[in-house]
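We have chain A already, so just place chain B on it with the hints.
Top to bottom, those sequences are chains A and B.
Under my numbering, the residues of the first sequence are numbered 1 to 420, in order.
Under my numbering, the residues of the second sequence are numbered 1 to 420, in order.
The hints are simulated quantities; they were obtained by calculation from the structure and are not laboratory data.
Hints may contain errors.
[Unchecked claim] Here are a few chain A residues that sit away from chain B, every Cβ distance over 10 Å (derived from the structure): (1) 63; (2) 140; (3) 292; (4) 351; (5) 391.
[To be verified] So the derived label-pair ranges between C-beta atoms look like this: (6) A/335 - B/305: 52 to 60 Å; (7) A/345 - B/129: 57 to 65 Å; (8) B/41 - A/165: 37 to 45 Å.
Even for Gly, the Cβ is constructed at its ideal location relative to N, Cα and C.
Protein chains: 2
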Amino acid sequence: MAQRKLGRGVAVVGAGMSKFGAFPEMTTRDLFAQAFREMCATVDKGFDPQTIEAIYLGNYSSDLFEGQGHTAPLLTNWVGLSPRPATRVEDACASGGVALRQAVLAIASGAYDIALVGGIEKMSSLATEKVTDTLATAGDVLFEISAGFTFPGFYAAMATAYLHAYACPTEALLNVGMKNHANGALNDKAQFGQRIADIMEARKKSAAKKGLPIPTWANELEFLRDERANPYIALPLRLFDCSPISDGAAAVLLVADELAAMFTDHPLRVIGSGQASDGALHDRATFTAIPAARLASQQAYAMANVTPVDIQVAEVHDCFTIAEIIASEDLGFFEAGQGWRAAQAGVTARAGTRPINTSGGLKSKGHPVGASGVGQVIEIWKQLRGVAGARQVAGDLRLGLTHNVGGTGQTCVVHIFERA
Amino acid sequence: MAQRKLGRGVAVVGAGMSKFGAFPEMTTRDLFAQAFREMCATVDKGFDPQTIEAIYLGNYSSDLFEGQGHTAPLLTNWVGLSPRPATRVEDACASGGVALRQAVLAIASGAYDIALVGGIEKMSSLATEKVTDTLATAGDVLFEISAGFTFPGFYAAMATAYLHAYACPTEALLNVGMKNHANGALNDKAQFGQRIADIMEARKKSAAKKGLPIPTWANELEFLRDERANPYIALPLRLFDCSPISDGAAAVLLVADELAAMFTDHPLRVIGSGQASDGALHDRATFTAIPAARLASQQAYAMANVTPVDIQVAEVHDCFTIAEIIASEDLGFFEAGQGWRAAQAGVTARAGTRPINTSGGLKSKGHPVGASGVGQVIEIWKQLRGVAGARQVAGDLRLGLTHNVGGTGQTCVVHIFERA
Numbered sequence: 001m002a003q004r005k006l007g008r009g010v011a012v013v014g015a016g017m018s019k020f021g022a023f024p025e026m027t028t029r030d031l032f033a034q035a036f037r038e039m040c041a042t043v044d045k046g047f048d049p050q051t052i053e054a055i056y057l058g059n060y061s062s063d064l065f066e067g068q069g070h071t072a073p074l075l076t077n078w079v080g081l082s083p084r085p086a087t088r089v090e091d092a093c094a095s096g097g098v099a100l101r102q103a104v105l106a107i108a109s110g111a112y113d114i115a116l117v118g119g120i121e122k123m124s125s126l127a128t129e130k131v132t133d134t135l136a137t138a139g140d141v142l143f144e145i146s147a148g149f150t151f152p153g154f155y156a157a158m159a160t161a162y163l164h165a166y167a168c169p170t171e172a173l174l175n176v177g178m179k180n181h182a183n184g185a186l187n188d189k190a191q192f193g194q195r196i197a198d199i200m201e202a203r204k205k206s207a208a209k210k211g212l213p214i215p216t217w218a219n220e221l222e223f224l225r226d227e228r229a230n231p232y233i234a235l236p237l238r239l240f241d242c243s244p245i246s247d248g249a250a251a252v253l254l255v256a257d258e259l260a261a262m263f264t265d266h267p268l269r270v271i272g273s274g275q276a277s278d279g280a281l282h283d284r285a286t287f288t289a290i291p292a293a294r295l296a297s298q299q300a301y302a303m304a305n306v307t308p309v310d311i312q313v314a315e316v317h318d319c320f321t322i323a324e325i326i327a328s329e330d331l332g333f334f335e336a337g338q339g340w341r342a343a344q345a346g347v348t349a350r351a352g353t354r355p356i357n358t359s360g361g362l363k364s365k366g367h368p369v370g371a372s373g374v375g376q377v378i379e380i381w382k383q384l385r386g387v388a389g390a391r392q393v394a395g396d397l398r399l400g401l402t403h404n405v406g407g408t409g410q411t412c413v414v415h416i417f418e419r420a
Numbered sequence: 001m002a003q004r005k006l007g008r009g010v011a012v013v014g015a016g017m018s019k020f021g022a023f024p025e026m027t028t029r030d031l032f033a034q035a036f037r038e039m040c041a042t043v044d045k046g047f048d049p050q051t052i053e054a055i056y057l058g059n060y061s062s063d064l065f066e067g068q069g070h071t072a073p074l075l076t077n078w079v080g081l082s083p084r085p086a087t088r089v090e091d092a093c094a095s096g097g098v099a100l101r102q103a104v105l106a107i108a109s110g111a112y113d114i115a116l117v118g119g120i121e122k123m124s125s126l127a128t129e130k131v132t133d134t135l136a137t138a139g140d141v142l143f144e145i146s147a148g149f150t151f152p153g154f155y156a157a158m159a160t161a162y163l164h165a166y167a168c169p170t171e172a173l174l175n176v177g178m179k180n181h182a183n184g185a186l187n188d189k190a191q192f193g194q195r196i197a198d199i200m201e202a203r204k205k206s207a208a209k210k211g212l213p214i215p216t217w218a219n220e221l222e223f224l225r226d227e228r229a230n231p232y233i234a235l236p237l238r239l240f241d242c243s244p245i246s247d248g249a250a251a252v253l254l255v256a257d258e259l260a261a262m263f264t265d266h267p268l269r270v271i272g273s274g275q276a277s278d279g280a281l282h283d284r285a286t287f288t289a290i291p292a293a294r295l296a297s298q299q300a301y302a303m304a305n306v307t308p309v310d311i312q313v314a315e316v317h318d319c320f321t322i323a324e325i326i327a328s329e330d331l332g333f334f335e336a337g338q339g340w341r342a343a344q345a346g347v348t349a350r351a352g353t354r355p356i357n358t359s360g361g362l363k364s365k366g367h368p369v370g371a372s373g374v375g376q377v378i379e380i381w382k383q384l385r386g387v388a389g390a391r392q393v394a395g396d397l398r399l400g401l402t403h404n405v406g407g408t409g410q411t412c413v414v415h416i417f418e419r420a
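Same shape as in the complex, but just chain A (with noise of 0.2 Å):
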């Protein structure tokens, strides 16, 4: 399982994204074309997208979520680039990340000098009881869905084994939602995007309007306290600990590191690439870390002969909070059991030692499942190259990592990238 070295390197030169939502009047198509338009726009030298030689597309389930399958060819031709090789990638909500991988690879082989990586969801169109069954299906239908498990109750699980395993208070979990909304307010991307505050600012206005009595609430965390604001949906996670149900579609664009002058002075190097998979997680010794998320951060970093404490920014896979809290332990930022107090600390915030989640992460910016793992490579762009405005991490940000989590962990690649 020793990370080899690849053929030969590749680069980020571009990189956009649609706004991540509920976009009903809006087709899958629309929605690629709109974060293709904008990676076009992000190339510093400009390009032609006919040099476009093919494009790996991560979606998780089209088939499930609109009824459109061989999705990857359909969308190529939509975006003009018919007779290149299109091809779906799909490992659940790790789609987009693997998808990355495959063309970093494709490009690494020779087969390909230029490749364009799409990610793309469109999960509005189900009702929301349906989009739970279908994300449902990225478990173990046989062994863990048939029993009556859906995602929030997986991840419920993993938060209750990790509050008792680190004698962790369960509010503690809440200071990764408020923190990833107040950096999500500052991103006009962001499907959510507002602080707690303001979110609790509105509900009090609308009560007010209705004549009914104003809630109290002296802060955020005593609007996160209150089962009528923030309901549970899988003891001990609440609304405000859960990713949204989001439309979306982000696109990067991948060449051969000896090309990469031809488009931009500032490319985006991919120094580190990892992937692992596991068992679902009624199989696992585990679970208080996601085993799969391990390996492939161990496989990035010995790849780019890189240590974590070398990683500046880092966008990792919080589909719910207790997620992000693991996550920053798997890729061994903090030790097992703390990275919650990590959280508590404010280490994680966008002003800390170890900013995570700049772009609102899942929670705030949106979840459509197969663009996810895009989407985190356009907010460590922005980031490395110094464009990410109001939220721009302070410093001299040369390297970064994206971590994407398929299922409950039975897939995760990490990738890490330099700013050359």
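For chain B alone, kept in the frame of chain A given last:
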């Protein structure tokens, strides 16, 4: 779009498959394990499955067929290969062939030395009508399926165009089915492993047993001409022009060329690989050829540095009889409009000068859609190594080809294999 040289060569050193058919009592996991075990047993010098470093799985839609997504890590776990990276690849009925290509590129990139390629589909759990609907999602749901098209309809439109363009008599299509059933009768893995004549005789016996008038068909052609025996499905395509609904799995072991001798003295080198995409059928300039197949095969020939006349045995995507005829032209075996004449003259029969689908093809062997592209490799493996038994093509076979189509040609992937 020039095909570049890959970083290093890749070889097939093992190949196995489950029986294809309808297996209501088996799960996808069982079928995959069957194929995996048979593959392991074909590795001449033996090997430790734990040395496999990555899994690429071709699957069209376990989502819609079985309500199970995220199948790659699930099946990887089932055969004891967690925590290897496990990636599902989807391009409709070309999923298997495209998975093979991604594994080839991944090994060529240097990321892995040893990779497993699987193909799987379990279609028989759904009612036939539902299967037709599910397969239709591989078309353009927005612009084609909404207008009433199904896959028999698509290929009927292509057949109608072909018959008209090349003054081809409708009955010429029947030759493909007769040939493929004659081949499949010699393949113990085939779903319908009977000659048309066998089926005809069985019908006669059944009639006699029931005391009904015994049909007077004198030969296969008379049987196939009889609208009661061979009803129209979508004019001009009849029942025996269509591949069946199937369950099945296939598995292939790929290794870096330089390691092949550790596994076998008779590896199959993957000397050519091509992949192309296209818009949906309604958007194409021609119905009598599949442009993506032409492009993919040109790429594969260029990479392999061979020409169509060099290919000694080919497995092509005969989801319908017309598809085999068009494929034989797209691959450059025959001029446009000559494919049907070649089929009629026996050129593509096992004893002909250009044997096609010696396995029985999708028509007789079965078409578990995500497995078909990998299943094709099993036949080429057997033919080139001289272990195809009663259906072995005579002569010193060195070069074989596989041709795998997704949808109506939105994807095509072609591989060329050389016996070392």
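Hint-by-hint comparison with the structure:
1. Not every beta carbon of chain B lies more than 10 Å from that of residue 63 of chain A, the smallest distance being close to 4 Å; the non-interface claim is violated.
2. For residue 140 of chain A, the non-interface assignment is contradicted: its Cβ lies about 6 Å from the closest Cβ of chain B, within the 10 Å cut-off.
3. Residue 292 of chain A, annotated as away from the interface, has a beta carbon of chain B within 10 Å; the closest lies near 6 Å.
4. With a closest Cβ-Cβ approach of about 36 Å to chain B, residue 351 of chain A is found to remain outside the 10 Å limit, as its non-interface label requires.
5. In this structure residue 391 of chain A is separated from chain B by more than 10 Å, as the shortest Cβ-Cβ distance comes to about 32 Å.
6. Checked against the given bound of 52 to 60 Å, the beta carbons of residue 335 of chain A and residue 305 of chain B, roughly 56 Å apart, stay inside it.
7. Evaluation of the 57 to 65 Å hint for residue 345 of chain A and residue 129 of chain B yields a pass: the beta carbon distance comes to about 59 Å.
8. Evaluation of the 37 to 45 Å hint for residue 41 of chain B and residue 165 of chain A yields a pass: the beta carbon distance comes to about 44 Å.
In summary, the numbered hints that this structure violates are 1, 2, 3.
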